[in-house]
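Colleague: The primary structure of each chain is shown beneath.
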Amino acid sequence: MKTIALLTDFGQSDNFVGVMKGVISSLCPQSLCLDITHAVPSWNIRAAAFLLWKSYSFFPHQTVFLVVVDPTVGSWRKILIVKTRHYHFVGPDNGVLSWAAEEDGVVSLVSASNSKYFLPQVSATFQGRDIFAPLAAHIACGVALSRLGRAEKKMVSLEFPRPQISSSRIIAEVIYIDKFGNAILNIKKEDFASFRKLYLKTKKGLVGLEKKTFYHQAKKGRFFLLEGSFGFLEIALKEDSAASYLKLSVGMKVEIILK
Amino acid sequence: MKTIALLTDFGQSDNFVGVMKGVISSLCPQSLCLDITHAVPSWNIRAAAFLLWKSYSFFPHQTVFLVVVDPTVGSWRKILIVKTRHYHFVGPDNGVLSWAAEEDGVVSLVSASNSKYFLPQVSATFQGRDIFAPLAAHIACGVALSRLGRAEKKMVSLEFPRPQISSSRIIAEVIYIDKFGNAILNIKKEDFASFRKLYLKTKKGLVGLEKKTFYHQAKKGRFFLLEGSFGFLEIALKEDSAASYLKLSVGMKVEIILK
Amino acid sequence: MKTIALLTDFGQSDNFVGVMKGVISSLCPQSLCLDITHAVPSWNIRAAAFLLWKSYSFFPHQTVFLVVVDPTVGSWRKILIVKTRHYHFVGPDNGVLSWAAEEDGVVSLVSASNSKYFLPQVSATFQGRDIFAPLAAHIACGVALSRLGRAEKKMVSLEFPRPQISSSRIIAEVIYIDKFGNAILNIKKEDFASFRKLYLKTKKGLVGLEKKTFYHQAKKGRFFLLEGSFGFLEIALKEDSAASYLKLSVGMKVEIILK
Chain A
2 MKTIALLTDF GQSDNFVGVM KGVISSLCPQ SLCLDITHAV PSWNIRAAAF LLWKSYSFFP
62 HQTVFLVVVD PTVGSWRKIL IVKTRHYHFV GPDNGVLSWA AEEDGVVSLV SASNSKYFLP
122 QVSATFQGRD IFAPLAAHIA CGVALSRLGR AEKKMVSLEF PRPQISSSRI IAEVIYIDKF
182 GNAILNIKKE DFASFRKLYL KTKKGLVGLE KKTFYHQAKK GRFFLLEGSF GFLEIALKED
242 SAASYLKLSV GMKVEIILK
Chain B
2 MKTIALLTDF GQSDNFVGVM KGVISSLCPQ SLCLDITHAV PSWNIRAAAF LLWKSYSFFP
62 HQTVFLVVVD PTVGSWRKIL IVKTRHYHFV GPDNGVLSWA AEEDGVVSLV SASNSKYFLP
122 QVSATFQGRD IFAPLAAHIA CGVALSRLGR AEKKMVSLEF PRPQISSSRI IAEVIYIDKF
182 GNAILNIKKE DFASFRKLYL KTKKGLVGLE KKTFYHQAKK GRFFLLEGSF GFLEIALKED
242 SAASYLKLSV GMKVEIILK
Chain C
2 MKTIALLTDF GQSDNFVGVM KGVISSLCPQ SLCLDITHAV PSWNIRAAAF LLWKSYSFFP
62 HQTVFLVVVD PTVGSWRKIL IVKTRHYHFV GPDNGVLSWA AEEDGVVSLV SASNSKYFLP
122 QVSATFQGRD IFAPLAAHIA CGVALSRLGR AEKKMVSLEF PRPQISSSRI IAEVIYIDKF
182 GNAILNIKKE DFASFRKLYL KTKKGLVGLE KKTFYHQAKK GRFFLLEGSF GFLEIALKED
242 SAASYLKLSV GMKVEIILK
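Residue numbers (my numbering), protein chains in the order written: chain A, 2 to 260; chain B, 2 to 260; chain C, 2 to 260.
All the pointers check out, no bait thrown in.
Put simply, identical chains are the same to the list, so a pair is met inside one copy or across any two.
Straight line, CA to CA, 30 Å or less: simulated DSSO-like cross-link-like pairs of lysine-lysine:
#1 K79 x K221
#2 K220 x K254
#3 K205 x K260
#4 K3 x K117
#5 K220 x K205
#6 K79 x K212
#7 K260 x K248
#8 K239 x K155
#9 K213 x K117
#10 K180 x K79
#11 K79 x K189
#12 K79 x K190
#13 K202 x K190
#14 K202 x K189
#15 K212 x K248
#16 K221 x K248
#17 K202 x K254
FYI, nobody ran anything at the bench for these hints, they're computed from the structure.
Given the sequences, and given the hints that come with them, work out the whole structure.
Modeller: Laid out in structure tokens, this is it:
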């Protein structure tokens with residue numbers, strides 16, 4: 002069975018995701034849908050790009066990734082099919098595919114234009130159902146990309162935010178907050194391996210950040226930094242939500258003092 | 002593989018849906034469960050009937066729809082199996098199946114009574130697990146409906162609310178609110194294609210509603226109406242929740258002034 | 002297809018569950034993942050143990066249960082594989098598997114130590130992805146347990162809370178609250194079959210509890226007790242949340258007066 006992995010901001014309270022799977026099952030019964038998540042914050046292209054980037058390589062080669070976070074649905078933005086070294090990606094051309102596809106290595110790009118591979122009726126508001134899902138199904142079932150549309154030379158690419166690092170401080174950005182309240186930063190372990198003492202600057206003064214290897218090492222009530230499973234440093238609080246306590250949100254800049 | 006599509010108000014925080022899938026896998030291993038949604042508001046038959054109606058036709062022919070929104074579970078309401086032109090539906094006889102089944106065309110009705118096709122132990126409170134899931138599995142695996150119970154002549158049928166339309170105003174009803182906060186009304190595009198200017202009556206006065214074709218066309222902060230993917234008109238607000246701002250809820254009447 | 006049933010506290014807002022399924026699909030493509038739930042309250046071993054216990058027997062024999070509620074991830078707690086009479090269980094050795102495994106009958110225990118069956122890179126924070134998911138996949142695909150690690154003699158076992166029962170009262174514990182707000186107690190129907198009148202002691206005085214067989218029998222606004230589908234007595238409120246009205250939470254002791 003060919004895997005189709007879905008990533009959207011549709012939530013699971015409506016029938017949106019279910020209907021997309023119905024369409025896929027109708028068009029390519031031998032495919033198997035797996036959900037990455039459907040809880041991307043509504044219209045948040047960067048969060049979706051991050052989750053796709055940190056997920057794709059764990060899926061079987063030849064998986065088709067179907068990504069619908071598409072605030073400009075119905076407008077003239079392109080609908081992209083990206084073939085990379087090991088995978089296919091289908092999604093709007095708004096950058097959401099870029100971090101994953103570029104890391105795996107883009108082999109070819111097609112913008113979907115052949116309505117023969119869409120549903121017979123295409124709405125202006127739910128192209129996940131009417132265009133994206135059918136495309137993913139047809140690709141999983143072996144339709145050649147060249148039949149789906151025009152070859153393209155380039156795609157919209159998002160820039161990854163870089164931290165500012167000096168000898169006394171790091172200005173970083175919260176790039177994701179997971180459901181445990183761990184705040185993932187855009188910095189890597191190597192970036193301050195040499196520093197002994199770290200402090201987070203907050204409105205109420207400096208808060209100490211211990212360096213830990215795993216969550217259970219930490220003491221209750223103490224904030225700590227560890228290298229999380231996304232490959233980036235996370236601000237955490239043992240069995241509690243660091244993000245809530247420190248009022249952190251995605252996109253926020255944080256300043257870490259090094260001593 | 003035969004598709005079984007599930008629609009319930011069980012949520013996904015308990016083990017209810019998982020256990021139903023376990024039962025189905027045990028009884029019909031060659032079936033594949035797909036979720037429509039499990040977030041129907043608790044005990045809300047109309048919301049479930051609407052979502053089923055707007056979903057079923059996107060699934061492969063011969064799909065078995067397993068619908069459990071069943072506030073009278075354990076009482077003497079019938080458990081229905083409806084064969085329509087292209088599908089099977091299993092659910093309580095409370096109207097939840099009616100809009101979908103009637104649109105596709107009812108071929109035959111059976112009320113389940115043969116406990117040989119239930120789980121050996123039937124509880125009074127979780128018949129989704131003990132009766133509905135086994136029935137769906139047996140149907141998917143080819144058991145003839147005549148073996149499951151008695152033929153019935155009719156089912157409970159819900160009435161669809163009709164809007165009141167005059168030359169100066171439309172009194173409509175909010176029939177669904179999706180996770181983006183779009184409020185779906187019981188009116189179709191044709192109902193006021195000829196009107197230029199539309200206003201929603203609110204406690205704070207008239208609010209202009211622009212007519213748009215897709216979400217991105219609208220300006221931030223302006224309310225608009227468009228024909229959504231459910232096939233009905235929706236009140237929307239660009240990249241925000243119209244329902245929250247306008248305090249709309251399902252079942253609420255709204256008055257639209259036409260000029 | 003071999004079933005792998007997943008139970009975690011990962012939620013479905015991140016990519017954690019999706020990535021685990023990607024890993025499983027990569028390593029054992031002929032397996033099928035089914036979710037029990039991923040909404041176990043974070044780090045709550047008892048709630049997970051309860052849900053696993055009340056779910057496992059509804060799944061096909063030979064199902065592999067993959068349970069990740071693991072507050073001590075990365076520390077030296079063992080990673081267990083439990084073979085029972087009809088199933089396999091994979092999870093941390095913190096008691097989460099004990100109620101289910103002991104009921105089905107433990108045949109053998111192995112602590113996973115052969116990193117050949119882990120992902121090549123093992124993080125200290127997401128062993129669900131790096132260790133547990135690969136183990137479940139390899140077991141589903143037929144790898145002998147003896148190749149995965151060392152035989153163990155015993156596992157951590159949770160004690161089930163017992164109610165205190167006298168002729169005039171029962172002191173019980175809320176062991177689970179479902180999404181409808183029904184509060185499941187650690188008492189069985191037999192425990193007070195002979196009593197006619199029951200009252201719940203609350204801060205505002207005694208609240209009558211009627212005895213019912215199914216939810217719909219009750220009157221609106223009245224609290225009642227029934228034997229729920231978990232096999233325990235539940236405090237319920239018709240089409241409303243008993244737990245919210247009575248401010249009940251998991252682990253809370255409640256006193257029921259018998260007359």
